[in-house]
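Undergrad: What follows is the residue order along each chain.
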Amino acid sequence: MNKRQLSSFSLLLMLCLLLANVARAGAQYGGYFSQGLVYSPDNPFYDNSTGTSLDYRELGLTGGWQVNTDLRFAGQFLSRKVGDLDDGSPQIDFLLMDYSFLSLDDVSAGIRVGRVKTPYGIYNRTRDVPHARPGVFVPQSVYFETFRDALLSADGGNLYLNLRCCWGDLGIDLIAGTAHIDNNVVEYQAYQQNINGRFEEVDISGFKIAYSPAVLSNLNIGFSLLDVSTELDNAARISTAELQAGVSDLLDNPQNFVHYITATRIEPMLKLFSLQYNWRNWVFTSEYLEVAIKMSDLEVLYFPLEAVSANLQGYYAQTEWMPSDKLSLYARYEHLVYDTGDRDGEAFAVQTGGNPVTQYNEAVTVGARWYFNPDFSLTGEWSWNQGAAFINGPDNIDYQALQEDWDFLVLQLSYHF
Amino acid sequence: MLLSRKPLSLLLIILGYLACGVAHEVSAEVVVIVNSAQQQEELSGETLLRLFAMKKKFWSDGTPVTVFTLPNNNDTYKEFTNLYLKMQPHQLNRLWHRLVFSGTGVKPEVVDSMQAMLEKVAATPGAVGYVDRLQVDLNNPSVYPVAAHE
Numbered sequence: 001m002n003k004r005q006l007s008s009f010s011l012l013l014m015l016c017l018l019l020a021n022v023a024r025a026g027a028q029y030g031g032y033f034s035q036g037l038v039y040s041p042d043n044p045f046y047d048n049s050t051g052t053s054l055d056y057r058e059l060g061l062t063g064g065w066q067v068n069t070d071l072r073f074a075g076q077f078l079s080r081k082v083g084d085l086d087d088g089s090p091q092i093d094f095l096l097m098d099y100s101f102l103s104l105d106d107v108s109a110g111i112r113v114g115r116v117k118t119p120y121g122i123y124n125r126t127r128d129v130p131h132a133r134p135g136v137f138v139p140q141s142v143y144f145e146t147f148r149d150a151l152l153s154a155d156g157g158n159l160y161l162n163l164r165c166c167w168g169d170l171g172i173d174l175i176a177g178t179a180h181i182d183n184n185v186v187e188y189q190a191y192q193q194n195i196n197g198r199f200e201e202v203d204i205s206g207f208k209i210a211y212s213p214a215v216l217s218n219l220n221i222g223f224s225l226l227d228v229s230t231e232l233d234n235a236a237r238i239s240t241a242e243l244q245a246g247v248s249d250l251l252d253n254p255q256n257f258v259h260y261i262t263a264t265r266i267e268p269m270l271k272l273f274s275l276q277y278n279w280r281n282w283v284f285t286s287e288y289l290e291v292a293i294k295m296s297d298l299e300v301l302y303f304p305l306e307a308v309s310a311n312l313q314g315y316y317a318q319t320e321w322m323p324s325d326k327l328s329l330y331a332r333y334e335h336l337v338y339d340t341g342d343r344d345g346e347a348f349a350v351q352t353g354g355n356p357v358t359q360y361n362e363a364v365t366v367g368a369r370w371y372f373n374p375d376f377s378l379t380g381e382w383s384w385n386q387g388a389a390f391i392n393g394p395d396n397i398d399y400q401a402l403q404e405d406w407d408f409l410v411l412q413l414s415y416h417f
Numbered sequence: 001m002l003l004s005r006k007p008l009s010l011l012l013i014i015l016g017y018l019a020c021g022v023a024h025e026v027s028a029e030v031v032v033i034v035n036s037a038q039q040q041e042e043l044s045g046e047t048l049l050r051l052f053a054m055k056k057k058f059w060s061d062g063t064p065v066t067v068f069t070l071p072n073n074n075d076t077y078k079e080f081t082n083l084y085l086k087m088q089p090h091q092l093n094r095l096w097h098r099l100v101f102s103g104t105g106v107k108p109e110v111v112d113s114m115q116a117m118l119e120k121v122a123a124t125p126g127a128v129g130y131v132d133r134l135q136v137d138l139n140n141p142s143v144y145p146v147a148a149h150e
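Chains as they are written, first to last, in the numbering used here: chain V, 1 to 417; chain E, 1 to 150.
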C-alpha cells in the first residue's frame with residue numbers, strides 16, 4: 001500500500017465513523033453555498049475568455065462529532081466550480097480526528113490527524129468560506145488562488161498548543177503532511193506552458209505562531225513558516241535520437257529548454273507575517289510574505305544544471321468597517337512580485353519567452369457586503385489591477401495577450417447554515 | 001410660514017427618533033446567565049468574549065464550558081453581541097465559521113427560544129447563555145444571572 005492509498009484508506013475509515021455518528025448527541029453539521037458573477041472586460045479570469053461569467057460557485061458541507069471533551073471527529077466535503085481551474089467534482093476538504101491531550105483553563109494542547117487544514121496566515125484555513133472573511137477572494141498577494149490545492153490542506157498531522165498567562169495569549173500550530181495538486185498550475189506558473197510530467201504531490205512542513213498581548217487583546221500578531229517541496233513526476237523519457245534533435249534545437253532556441261526538462265524539484269520556503277487589529281466595528285489587517293524559491297535537481301536532457309533561486313514578495317493592507325448588523329464595507333491594497341531581482345519581469349521574458357506582466361501585480365479593491373438576512377449575503381467588489389500575476393495558472397489562456405492594466409467586478413451571493 | 005415650520009418639524013423628527021431610540025433601549029434587558037454551579041464566577045468583558053469566541057473551554061473548577069446561543073436572526077442575540085461583546089452579530093458568526101469550517105473547533109449550540117435557553121442552561125453544568133429578563137422568569141434556582149461587565 002503506497003502513501004496515497006494509505007491516506008485514502010484512513011480518510012475513508014474516518015468518514016465512515018463520522019457518518020455513522022451524525023445523528024448522535026454531540027454532533028454538529030453546517031454548510032455554505034455561494035454563486036459568483038465575474039465581469040472581467042480586459043483579461044480572462046479563471047477561464048479563457050473576457051467578459052461575464054457565472055462559472056464561480058462553491059458548496060461546502062461540514063459535519064462534526066464531539067465524542068467526549070477530549071476526542072472529536074470533523075470533516076467537510078467541498079465542490080468548487082471555478083472557471084477552467086476547478087470542475088466542481090466533490091473533494092474531501094478536511095477529515096480529521098482531533099485528540100486534546102491537555103485541557104486546562106489556561107493551557108490546552110492536542111493533535112489532529114487525517115486531512116488537516118494548513119495553518120498559514122489569517123485566512124488560509126477558511127479561504128473558501130465566504131462569510132469567514134471580507135471580500136469574495138482571499139488576498140491573492142499572499143494566498144495565491146492558483147496554488148490553493150497545495151496550500152489548503154495536507155494528509156498528515158497538526159499539533160497545537162494554546163497558552164494563556166499574564167503576558168497574553170499564545171497559540172502554536174505545527175504541521176507536517178502531503179498535499180495533492182489536481183491541475184497543472186505549477187507548470188503554468190513556472191513556465192507558462194505544459195511540460196512533460198506533472199507536479200502532483202507536495203510535501204509540507206511548518207508552523208504558525210499567533211500572539212495577542214494582554215494589554216491589547218484585540219491585536220493579533222502572527223508568523224507562519226511553511227517549508228514546501230514538490231518534484232516533477234513522470235518526466236519525459238528521451239531516446240538517443242530525440243536527445244540529439246533536442247541539443248540542436250536548444251543551440252538555436254535556448255528558450256525551448258522547458259520542453260526538455262527531465263527532472264526538477266521546486267522548494268519554496270514561505271514566511272508570512274500577520275497583523276490584525278479589531279477596534280469596535282473596524283478590522284484592520286495586514287500581512288507580509290517572503291518566499292525563497294529554490295529550483296534544484298534541475299536536468300535538461302539529463303544534463304544537470306545549477307540550482308536557480310528567486311525571492312518572491314507579497315503584501316496587503318485591508319480595512320473593514322461594519323457600521324450595522326446588515327452592512328460591511330472594505331478596501332484593500334496589495335502588491336505581489338514573483339522575483340524581487342526582476343520586478344518588471346523582463347529577465348523572465350528573456351529566459352522563458354513568457355509575458356513579463358505576469359510576474360507582478362498591484363491591486364486596489366473596494367467592496368461591500370449586504371447581509372440581507374443573517375444567513376444570506378450579497379457581496380460586490382471592484383478591483384483595479386496593474387500586472388497580471390493574479391491570473392497565472394490556467395492552462396488554456398493566451399499568456400502573451402494578457403494586459404498589464406485590467407479591472408474586474410465580482411458579485412457573489414452566499415448562504416450558510 | 002412653511003419655512004418657519006421646517007425647524008419645528010425637524011426637531012420633532014429628531015425627538016421622535018431619540019424617543020424610538022430610548023424606547024428601543026428599554027425594550028430589552030439582556031443578562032448573561034450561567035448554570036448555578038458556576039455562580040461564584042464574575043465575568044469580565046474579556047472573559048465573556050473568550051467564552052463566546054469558544055476560546056475558554058473550562059471554568060476555573062475544571063468544569064467544561066458549554067455555550068448556548070439564540071438563532072442569529074433573534075433580536076436578543078443582536079442586543080447581546082452589541083452590548084456585551086461590542087461587535088456586530090455577523091462578526092461573531094465569522095469567528096464561529098472559522099472554527100467549524102476549518103475543522104479546528106465547534107460553534108455554540110443554538111436553542112430555538114428564550115425559554116429553551118433557560119432550560120438548557122439550568123440542565124447543563126458549566127453552561128453559559130443569555131436571556132432578555134423582561135421576557136422570561138429568572139426565578140429558577142438552577143440558573144444564575146451573572147454580573148457581566150459590558
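Since the hints were made in silico from the structure, they are not lab data.
For every residue, glycine included, the Cβ atom is placed at its ideal position computed from N, Cα and C.
Among the clues, some could well be false.
What the hints assert, rightly or not - Chain V is faced by these chain E residues, among others (derived, beta-carbon under 10 angstroms): (1) 37; (2) 39; (3) 73; (4) 76; (5) 120; (6) 133; (7) 147.
Unchecked claim - Counterexamples of contact, computed for chain E against chain V with all Cβ distances above 10 angstroms: (8) 46; (9) 60; (10) 64; (11) 71; (12) 83; (13) 90; (14) 101; (15) 103; (16) 104; (17) 116; (18) 119; (19) 125; (20) 140.
Stated by the list, open to error - Calculated pairs, DSBU-like style, for lysine-lysine (alpha carbon to alpha carbon, straight line, at most 35 angstroms): (21) E:55 with E:78; (22) E:55 with V:326; (23) E:120 with E:57; (24) E:55 with V:294; (25) V:294 with V:326; (26) E:120 with V:81; (27) E:56 with E:120; (28) E:86 with V:294; (29) E:107 with E:57; (30) E:86 with V:271; (31) V:271 with E:120; (32) E:56 with E:78; (33) E:57 with E:86; (34) E:78 with E:107; (35) V:81 with V:294; (36) E:120 with E:78; (37) V:271 with E:78; (38) E:120 with V:326; (39) E:86 with E:55; (40) V:294 with E:107.
Undergrad: For this structure, which hints from the list above don't hold up?
TA: 1, 2, 4, 5, 6, 7, 8, 9, 10, 11, 13, 14, 15, 16, 24, 25, 26, 28, 31, 37 and 40
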